[in-house]
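First to last, the protein sequences are chains A and B.
Its first residue numbered 1, the first sequence is counted upward by one per residue in the working numbering.
Its first residue numbered 1001, the second sequence is counted upward by one per residue in the working numbering.
Hint data in this document are derived by calculation from the structure and do not stem from the laboratory.
Treat the numbers as computed from the prediction; the structure is a model and nothing was measured.
Beta carbons are placed, not taken as given, at the ideal position from N, Cα and C, and that holds for glycine.
Partner residues are not named here, just some residues of chain B that face chain A (Cβ under 10 Å, in silico): (1) W1099; (2) G1179; (3) K1192; (4) P1193; (5) A1196; (6) A1197; (7) K1200; (8) L1219; (9) S1233; (10) S1593; (11) L1595.
One letter stands for each residue in the lines below.
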Amino acid sequence: MSDFPWLTTLVVLPLLGAVVTGYLPSRGIIARQVGLGVALVTLVVAVVMATQYDVGGGYQFAEEHEWISAFGAHYALGVDGLGLLMVLLTVVLVPIVMIASWHETDPKADVFFAWTLALEAFSIAVFAATDVFLFYIVFEATLIPAYFLIGGFGREGRTRAAVKFLIYQLAGGLVMLGSVIGLYVVSAQAGSPSYLLSDLQGLSIDPTAQKWIFAGFFVAFAIKAPMFPVHTWLADTTEKATTGTSVLLVCVLDKIGTFGMIRFCLGLLPDASQWATPFVVVLALISIVYGALVAIGQDDMLRLIGLTSLSHFGLIVLGIFVFTSEGGAGAILYMVNHGIATAALFLLAGFAVRRRGTALISQMGGIEKVAPVLAGMFLVAGLAACGLPGLSPFVSEMLVIISAFDYAWWAGAVAVTAIVLAAIYVLWMYQRAMTGPTAADLEGFTDLDRREVGVVAPLLVALVLFGFYPQPLLDVINPSVEQTLTQVGVVHEEPTVPAAPATEGEGH
Amino acid sequence: MTNIFLEGGDHAVSHVPVVDPGAADGVLGLLWLVIALPLLGAVVLLLGGPLTKGRIDRWGHLLGTALPIGSFVISVLMFVELLGREESERQVSQHLFTWFETRGLSVGMDLLYDPLAALFLLLITGVGSLIHVYSIGYMAHDPRRRRFFGYLNLFVAAMLTLILSANYLGLFLGWEGVGLASYLLIGFWQHKPSAAAAAKKAFVINRVGDIGLSLGIALMFVTFGTTDFAAISAVTGEVGEGTLTALGLLLLLGACGKSAQVPLQAWLLDAMEGPTPVSALIHAATMVTAGVYLVVRSNFIFELAPVAQTVVVVVATVTLLWGAILGCARDDIKKVLAGSTMSQIGYMMLGAGLGVAGYAFAIFHLLTHGFFKANMFLGAGSVMHGMDDDVDMRHYGALRSAMPVTFLTFAMGYLAIIGFPGFSGFWSKDKIIETALAENLVVGILAVLGAGITAFYMTRLMLLTYFTSKRWEKGVHPHESPKVMTVPLIVLAALSVLGGVMIAGDWIVEFLAPVVGEVEHHEPPLPALVITLIVVATVALGVAAAWFFVGRRDVPREAPQQVSFVTRAARADLYGDAINEGLVVGPGRHLVSGLTTMDNRGVDGAVEGGSSAVGGLAQVLRTVQNGFVRSYALSLLAGVLLVVLTLMVVNFA
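Build out the structure end to end from the sequences listed, making use of the hints.
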């Protein structure tokens, strides 16, 4: 089975599914069932593929075909630990979003499901692309389904939000295009042009050129991630879109930003990355604190949750750019954990908003009394978002804070304020929305039904499981981080006074 | 293993023991089960409710009580086993699994059982079990009783994790776990806005302290590459004092949050919104003493960081007086007890700050306080039970005949806390004061003063509640609580009386010596007997003052408003909330609203080039983006073509 084109299958399957779902004559339940079926088959294929993944074996499931030889563009796919986890995150979240959006997107659910599958296909292609040109094409292609998901479904004002989203992303894409072309020039000058990552890594790019190319990539990824000050599309989008769309955007699509930073900025432009580190670290720290403070000030629950991601992405970027194995591992682990926790939070908020008829926190209150299961699950997801130990984001957050502290004590000190600010935005939101006296007009407010509990429960189980036992993820992540750090040329730093490892239960 | 010898001041040569555990064998191999039992209870009770549609409500509280009792039985067995061992064999560790591992660091879920942990285990599971039993009666009429027991079990499991962990990260797991349980239980009656607000306040202030603990852990990783107690204790001698001082101060910040020490004290009085058994278990006997545990456990850091130790002593002394003053002015019986808890933890912290001479006494006082304060909180709960949940002592009076058991058991706790000769608190507080006097005269005198104030406010509480005239609300018929509540009171009262036996023959000092070290001798400035007499005399003065100001007079049912500045300040918690509001919360609120406005206008506007421009652009785009897929596909195709063309231009240029 080793020659089986796993990744192509994972791209083509949802793409075909999108076409079928979108053009099925029936507007009813069948299109949804077909869409979900495709998503589940994709999930199964991805899981089977993952079981054959060799931890520490570098890029795997590689496929490579010449595409446009004049530019050295290839259809080349392959995943390392980072790519594999992102693909898995995508295929897990898509069916969950579909089930959660089962009724939310009536009467155009078939359209929603079709675009969702298209987004899944392009996202997987982005995470699997090992050719920069291919990456660029699918990177831009994700915008089409994303645009329609935002503009077509959700609350009033979504069209404006969709346009804003598109303008930001297109601007980022345009800047990146410059860098993509720049890479071609560099590669062509060194001999025959090639966009293959493996070829580009072998080049020693002139430092000045590196800096320019880096800038282009970084701007695009910073918009995507998002980071301060190019984040303002985020809150508008999450406010207006359906929560299903928000999950796809924030938990999957935004990961392309940080994924790209690791893969392209660090992987291809190590010198420029090191050169830019102080600037990026400061930007990340501002994102952490600024995002959290602005989140505290929100009255719209969906805007609030969107802005928490600004803070969390700040931590992820911080972990990436401090260049330690702990920081890198923490950042990648955070990408997975953030996806799980934020997805749960968005979906549960969506259930509450749909029942209450408004997303304004000040209009809620006392929900716990009428819907204890909803409130309880919301609290668990919220506590995960604020990094409570025992839930998975904690481990990643701690690894990032340790690395930031290692980089510079002030960086650690600024980053750690996130734990207080996060507690404020999560618990204050919970206090205002869920506790207190129950409003009289909450009479018809029902607790979660089986579908809703069932769709969020796996996410919460994952939060607890990876909170206590994240090692399976780290086993996949660690070699990938080492690989990247080797490319960057960073040497592992020993502690000041290395203590002997604990003798565990071995006597004296 | 390296042993570190250092000059411990001018009076003794102290020795910081290295944590060097052996394997957990025999009955000690059951260590994990102590945590697992209450954890199982929490899972079953919290998940089982919704899953079985409430069918387990009928027996849920019994399961929730049985499991901590199971942990207590194991704790006793292990304690007996430990006593039977050689002193050098009394530290064992158990590796459960690797929590997480990267190239540079590895964190295990490891447990450490030693004399310090053994005493805590007995306290947590013993007092914890009694409070569970009591809660069966106290929460009998609450429709969410099953959930209450689930939260209590979660708390016990987290607290045991905190105490048993063999590294700081595992300790942090328990630390945050008890914080979560505390949050859930303070806000248990969360339909009351005051309870929900108090719960959040407690959690957030604790998180401020957690900044210290988190950075401390980060500094440990950077310095030592690990957070294992064993590994760190072996090499602290090789690290510069500056690093250790920073580490000590960071840990102290964490301890201040959890143990409600100044300046992070403001949450504890509000936390009394929780059901009274919660106040007894979490906010008196166990969780709030975790800060003391942290300092004592980190003795291998603090012993080499004298500056940090001095700061501990200062914080402790300020807090012990601060809490005592709060206790004098409050009319809410639970808030008086909460102020008193702050003050008593101040004493423990003082003992811990005094170093090797004081560690054992800090733990000793922690244990006796666990007995008598849990006793009094449960007693207060029993009084509230009989007074229709009224907490205002101005509505009490002359309850001794209506509630004889509650009164008598409470009186044992009272005599213990004021330090009546022979009662448990007498021995433990006296030892701390004695050690403080030997170390620093000013601190010692303030500690004596604190004992006098303690006697005053506790006597005031006793008089207002059980003596003086009846001031009951109409329709209130005080009655004694059921047996399920009074039996735990009797047991705790017995412990309050007899707890001092632990110091007989210096037993606790020698028992803890392998963990915290011991000094060969220390010479107080006065003979011990004289110090004791001075303390007892001060206490007598405090009692007399209370009788003079409260007992002799008629107590008004409304608190008088024409009072001195000092009383007003004490009623306002010495302006702790006002200070927080003025320095942190107020400016923070302005910052947040400023930034939120800026984010909506400024940052956005700058990037968008003005909202009108976007509006115009949107108009243009709207005509282009007519909703047909093919036109989008077309525009994307155009984009791709553009890319290709550009590439070709560059290619052939």
